Amino acid sequence: MGPPDDSRNIACLDVPDFCASLEELRRPELGKCALVLAEPGPRAVVQGVNSAARSEGIREGMPLHHARRLCRSLRVLPPDFRFYREQHRAIVDALDRFSPLVEGPSTGHYFVDITGTERLFGPGPDTACRMERFLASERRLHARIGLAANRLVSRVAATCVPTGDLGCIFPGAETSFLEPLPVTSLPGVGIKTASRLADFNIQRVGQLAGLPPEALASVFGNTGHRLIRIARGIDPTPVLPSRHPSRLSIVRTLDRDEIDRDRLESLLFRQVEEAGWSLRCHNRLPGRFSLEIRYADGVTVQREGPLPPFTVQVDQRLFRTVFPVFRKLFNRRVAVRRMALELYDFSMPLRQMSLFPWEETSLRGDRSIQNALDGIRLRFGRNAIQWGRSLWR
Numbered sequence: 001m002g003p004p005d006d007s008r009n010i011a012c013l014d015v016p017d018f019c020a021s022l023e024e025l026r027r028p029e030l031g032k033c034a035l036v037l038a039e040p041g042p043r044a045v046v047q048g049v050n051s052a053a054r055s056e057g058i059r060e061g062m063p064l065h066h067a068r069r070l071c072r073s074l075r076v077l078p079p080d081f082r083f084y085r086e087q088h089r090a091i092v093d094a095l096d097r098f099s100p101l102v103e104g105p106s107t108g109h110y111f112v113d114i115t116g117t118e119r120l121f122g123p124g125p126d127t128a129c130r131m132e133r134f135l136a137s138e139r140r141l142h143a144r145i146g147l148a149a150n151r152l153v154s155r156v157a158a159t160c161v162p163t164g165d166l167g168c169i170f171p172g173a174e175t176s177f178l179e180p181l182p183v184t185s186l187p188g189v190g191i192k193t194a195s196r197l198a199d200f201n202i203q204r205v206g207q208l209a210g211l212p213p214e215a216l217a218s219v220f221g222n223t224g225h226r227l228i229r230i231a232r233g234i235d236p237t238p239v240l241p242s243r244h245p246s247r248l249s250i251v252r253t254l255d256r257d258e259i260d261r262d263r264l265e266s267l268l269f270r271q272v273e274e275a276g277w278s279l280r281c282h283n284r285l286p287g288r289f290s291l292e293i294r295y296a297d298g299v300t301v302q303r304e305g306p307l308p309p310f311t312v313q314v315d316q317r318l319f320r321t322v323f324p325v326f327r328k329l330f331n332r333r334v335a336v337r338r339m340a341l342e343l344y345d346f347s348m349p350l351r352q353m354s355l356f357p358w359e360e361t362s363l364r365g366d367r368s369i370q371n372a373l374d375g376i377r378l379r380f381g382r383n384a385i386q387w388g389r390s391l392w393r
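Under our numbering, the first residue of the sequence shown is numbered 1, with each subsequent residue one higher.
Simulated from the structure, these hints should not be mistaken for laboratory data. In this text, all values refer to a predicted model and were calculated from it rather than measured experimentally. All C-beta atoms in this analysis are idealised placements derived from N, C-alpha and C, irrespective of residue type, glycine included. Watch out, some of these pointers could steer you wrong.
[To be verified] Quick list of the computed label-pair ranges, beta carbon to beta carbon:
| no. | residue 1 | residue 2 | range |
| --- | --- | --- | --- |
| 1 | 217 | 31 | 47 to 55 Å |
| 2 | 218 | 75 | 23 to 31 Å |
| 3 | 55 | 305 | 35 to 43 Å |
| 4 | 214 | 386 | 17 to 25 Å |
| 5 | 42 | 300 | 18 to 26 Å |
| 6 | 251 | 68 | 17 to 25 Å |
| 7 | 31 | 305 | 28 to 36 Å |
Can you build the whole structure from these sequences, using the hints too?
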């Protein structure tokens, strides 16, 4: 079974090593040297690399001291995330000359729905190549491009071609394109998920796509249905232009590895508070969240889940939703190095009355407390008043 809608024409532009490429452009003196982006500190990890560093075996997430051992001449720069976001946003705005439907879900990645633009720019492949040439000439950035009937397949196609090239998957060819690829080619399938699939002798996308939807339910739960769906190339997600980022990420890398559960719970609560404050300030309502934990030995685990309506309006309720996921993830006697909380699937916070009046009363009371806390913080600063559980250091 292929994608449900083959009438769309969606291009995915992927600029490899986006942040490092921007640094090379604004610092010509760097030349062709191996470059990484990393915060200063003894526990620093690599957050970005250029092609020269990648050729030395250096990857994102690698401890900086290990990267230095791999390349003695390595240049290290602190990341300038504000600059990267500004440049990313400028590219999103510039691409709207090709289509009003442009979305930049993360820095260096862009989806453009060019359906119906044939009379202006010609066939879809021509338009996709035109966008790549535009980035190269106007921004001096080089992208690899995927073109397909939906976001998922176009994204995978972009990763299968070299920089400056186009991977075009025509409607109806999605299955034959995906089948021979390793399961790690699919978005969201990391090393751990691939390892669990390998336990069932599933290594190729075609093997995964051929399973009945309920086959993985006992192991992966609802995620199993999603894995089989994307393996079949099904993705009805539209390209949604927005002035806001499509995801809110609160990431914390610890100065020293931590195994104390109370301290980790305190860190998680502070992440929840920061996320809730940001969402309320911008009047945004996420429908789902994900939590990722990276252990000191490099093992990374991640789970996602739904957010009940209006959960983010009260920090305590948001924490009670996220905390059970933390308990499932933090199940090893190994210290934690990094935690990342991500909220996404945003909608407008339209008000709806509860079917159960006692729930409405409870939420109203919690919201009154939260509004009072937010008012104090707005007037006197974010740290003017805090919950006790966030003060464990």
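Here's how the hints hold up against the structure:
1. Distance hint check: the CB atoms of residue 217 and residue 31 are about 53 Å apart, consistent with the given range 47 to 55 Å.
2. Between residue 218 and residue 75, the C-beta spacing of about 49 Å breaks the proposed range 23 to 31 Å.
3. The beta-carbon spacing between residue 55 and residue 305, approximately 39 Å, falls within the hinted interval of 35 to 43 Å.
4. Look at residue 214 against residue 386: about 46 Å separates their beta carbons, and that is not inside 17 to 25 Å.
5. Here the CB-CB span from residue 42 to residue 300 is close to 21 Å, well matched to the stated 18 to 26 Å.
6. Between residue 251 and residue 68 the C-beta distance comes to about 23 Å, which sits within the given range of 17 to 25 Å.
7. In this structure, residue 31 and residue 305 break the distance hint of 28 to 36 Å, their C-beta atoms being roughly 46 Å apart.
In the structure shown, a violation is registered for the earlier hints numbered 2, 4 and 7, in ascending order.
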